[in-house]
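Read top to bottom, the protein sequences are chains A and B.
Per the numbering used here, the very first residue in the first sequence carries number 5; after that it's consecutive.
Per the numbering used here, the very first residue in the second sequence carries number 2; after that it's consecutive.
It is worth saying that the hints were derived from the structure and are not from the lab.
Wrong hints could be hidden among the right ones.
[Claimed, not checked] Just the calculated beta-carbon pair ranges, DEER-fashion:
no.	chain 1	residue 1	chain 2	residue 2	range
1	A	M134	B	P213	36 to 42 Å
2	A	R49	B	W396	40 to 46 Å
3	B	D263	A	G237	37 to 43 Å
[Stated by the list, open to error] Listed next, the stretches of chain A that the computed footprint assigns to chain B, with coverage defined by at least 3 CB atoms under 8 Å from CB atoms of chain B:
no.	region
4	53–60
5	63–69
6	73–82
7	94–102
8	255–267
For each residue, glycine too, the CB sits at the ideal point set by N, CA and C.
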Amino acid sequence: MKRIFISILLFLSVGSFLYAESSKIKVLTTTEDLKSIAEYIGGDRVTVNSLARGYQDPHYLEAKPSFMMKAKNADLFIRIGLELEIGYEELIIDGSRNQKIRIGQPGHLDASEGVILLEVPTTTKVDRSMGDVHPMGNPHYWLDPENVKIVARNIADRLSELSPDNSRYFQGNLAAFDKKMDEKMVEWNEKMTPFKNSKIAIYHRSWPYFADRFGLVVACELEPKPGIPPSPGHLKEVIDIMKRDKIKVILMEVFYDEKPAQFVAGQTGAKVIIVPNSVGGSKEVKDYFNLIDTIIDKLVKGLKG
Amino acid sequence: MKKTLILFIITFLFIPLAATDARGNDAAGVQAELAALRSQFNEMKGSYEVRINQLETKIEDLAKTYSISATARPQVVTPPQTTSLGRYFQSFNPDVSVIGDFVYRNTDAKSTEFRNQFQMRQTELAFSASIDPYARGDFFFHIEQEDGDWHIGLCEGYMTLLALPIDGLQAKVGKFKVDFGKVNKLHLHNLPWVDYPNMITNYFGPEGMSEPGVSASYLIPNPWDKYIELTGQVVNNRNGVSFAGAEGTSLVYLGRLKLFHDINEASTVELGTSLATGSNDKGLGRFGSDMTTLEGVDLTYKWRPLQQGLYKSVTFQNELLFSQHNRPFFDDGTDIIDAKNINSWAGYSSLEYQFAKRWSAFGRYDFSEFPLTSSSRENAYSTGITFAQSEYCFWRLQFKHTNRNFSKDSNEVWLQCDFGLGPHRAHQY
Chain A
5 MKRIFISILL FLSVGSFLYA ESSKIKVLTT TEDLKSIAEY IGGDRVTVNS
55 LARGYQDPHY LEAKPSFMMK AKNADLFIRI GLELEIGYEE LIIDGSRNQK
105 IRIGQPGHLD ASEGVILLEV PTTTKVDRSM GDVHPMGNPH YWLDPENVKI
155 VARNIADRLS ELSPDNSRYF QGNLAAFDKK MDEKMVEWNE KMTPFKNSKI
205 AIYHRSWPYF ADRFGLVVAC ELEPKPGIPP SPGHLKEVID IMKRDKIKVI
255 LMEVFYDEKP AQFVAGQTGA KVIIVPNSVG GSKEVKDYFN LIDTIIDKLV
305 KGLKG
Chain B
2 MKKTLILFII TFLFIPLAAT DARGNDAAGV QAELAALRSQ FNEMKGSYEV
52 RINQLETKIE DLAKTYSISA TARPQVVTPP QTTSLGRYFQ SFNPDVSVIG
102 DFVYRNTDAK STEFRNQFQM RQTELAFSAS IDPYARGDFF FHIEQEDGDW
152 HIGLCEGYMT LLALPIDGLQ AKVGKFKVDF GKVNKLHLHN LPWVDYPNMI
202 TNYFGPEGMS EPGVSASYLI PNPWDKYIEL TGQVVNNRNG VSFAGAEGTS
252 LVYLGRLKLF HDINEASTVE LGTSLATGSN DKGLGRFGSD MTTLEGVDLT
302 YKWRPLQQGL YKSVTFQNEL LFSQHNRPFF DDGTDIIDAK NINSWAGYSS
352 LEYQFAKRWS AFGRYDFSEF PLTSSSRENA YSTGITFAQS EYCFWRLQFK
402 HTNRNFSKDS NEVWLQCDFG LGPHRAHQY
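Based on the sequences and whatever the hints tell you, model everything.
Below you can see the structure in the form of structure tokens.
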């Protein structure tokens, strides 16, 4: 009798746990930055998965069938947008056979809605002679914390739409997120103010939003054009610019080959600062606030020389 | 009346006195209250002064922030209205792409066309778009040179139904490359080699098997949430190598089961089994045993470390095909005199290693018999190198030695250049 009772209790416990799990909104994001924000806003009312890891280039994911299975079970799919995911998003959503997350459905959110964009091409024509240029603007907007507040609001609003009963909870988390971000902005600005107008070199155009927000000037990039690997001729130009402008740091992401950057650094005396540009890009970067903390701390150390 | 009047006067006179007396008694209390209020006020004043100071500090910090961003942020340029309108209208057009496949082929095999010549082997025109909220459409036209003339043909043209009432079900109608094995579905420009494996060319034709028909695929639910896809297809029996050919009037039935597993975040394995069966008679329907059955097994292992994924990867791909071809023999084309069951098989094994962002090397071994004879065999050894100029253009050099037990061995060297214009739908993993 006792065994039966324990079994029933166990069954009910497991059942209620499963029910609790299933009642959560299942969110699938393309990057770990979006995952971090969605987890903050969604709290214990959501489960969040990300397709990309923070230490891989988010431009070049492969549409693995296992991603389709993740998408199949999702209630909400959140993308960075601006064609960052153009190489795999459609295949994954089509392959998932999940109608809820198709573009235009409430279960599909483009996080870039309303963010302040940089580098929107103003030429009448955009083509591949310009490299991997994004016709709707530079997609690395998440490296501006003020843009991330807009992303957080987009996520809170969409979660509220999908689950009106939890709307107050999501909006409350959004307020807490904004408050924390405001506090961190004061801290980050204090650290970066001494380096206002400092010139830096970068590898890929991931950093204009970050530089713009914290008063840095991007003087040159190691890639001759977005997505085009550094060539010897272009590196020579970079070296000349860096020597002329006495640039102290080359800021680059964790997933690019550091040899060209080290070569340039060797020629100019600059330091190569390798930092994650996404949450999860290194072990210590657990959430979005850690991400900016890490970038700023390493950059400040490099700029101090 | 008089008493009442006196009482009224007395009352009238004494009320103010009583009030004055009460006020006098409360004066001390009021003063104490005032002191308490003053103290509270001072306390609050002190507290608010601290908070105001904190807020002023915060405002100064924020002012610094905005002064930084105001000076550093370039003016946000809004695209001209015409550009955005152009994009708006463009979004109703299909994605259109053109891919050229250019080769130079040097060979000691004397019987082949385009021997030691340049050749624009194929030009692919691709159109892709959503048809409506329920379906998408894909068209692939191939322009090729044959006997000196240029021909355009429909390689694939199909509609995929994305919103079927059964969860996990997807269907396709139109002409498509059949879902048999791993490589038959790929177009020339998407191959990791210059040529199709001998298995494909010997059992399906120069570019594989593509026929009009219907297809349904279903993601099988399972407790492990693994990708298990079951596909069933029925297509026209017009493939002339293993099946009935151009005059076929019956149908070919195909099935495929595909399992995909992530070994870890860098490595995946895919296992597939395929089946195709149909008549190899020209549709005359005279014989009940004129059937071809093909079974296929494919195994693909991929490795791409996420952090170095731009620079390193390995793909190890293998396929086997088994054929049972029941072939009738006629006397003067009217009566059957014999029926022979020809069992044959073919396969290939390929290893591709990407060793730099733009460079990869590969090797492939082919073994193939033929649908109509298991005594004729080919063994082929290929090796090559690919340089990806960009995502949209690559160069490839390949050497292939083919050993045959029924004719002379041959050697081939290809130089291939593939280049694409316009947005092309991303390829499957």
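Hints and how they fare:
The hint said 36 to 42 Å for the Cβ distance between A:M134 and B:P213, and at roughly 41 Å that hint holds. Between A:R49 and B:W396 the CB atoms are about 52 Å apart, so this pair departs from the stated range of 40 to 46 Å. For the pair B:D263 and A:G237, the beta carbons lie near 41 Å from each other, so the given range of 37 to 43 Å is met. Remark: the region 53–60 of chain A is confirmed as covered by chain B, as 3 of its residues place a Cβ nearer than 8 Å to a Cβ of that chain, reaching the required three.
Given a C-beta distance limit of less than 8 Å, the hint that chain B covers the region 63–69 of chain A holds, as 5 residues qualify and 3 suffice. Chain B is given as covering the region 73–82 of chain A, and this holds because 3 residues of the stretch bring a CB closer than 8 Å to a CB of that chain, at least three being needed. For the region 94–102 of chain A, the assignment as covered by chain B holds, since 4 residues bring a beta-carbon within under 8 Å of that chain's beta-carbons and 3 suffice. Requiring three or more residues with a Cβ within less than 8 Å of a Cβ of chain B, the coverage given for the region 255–267 of chain A holds, as 4 such residues are present.
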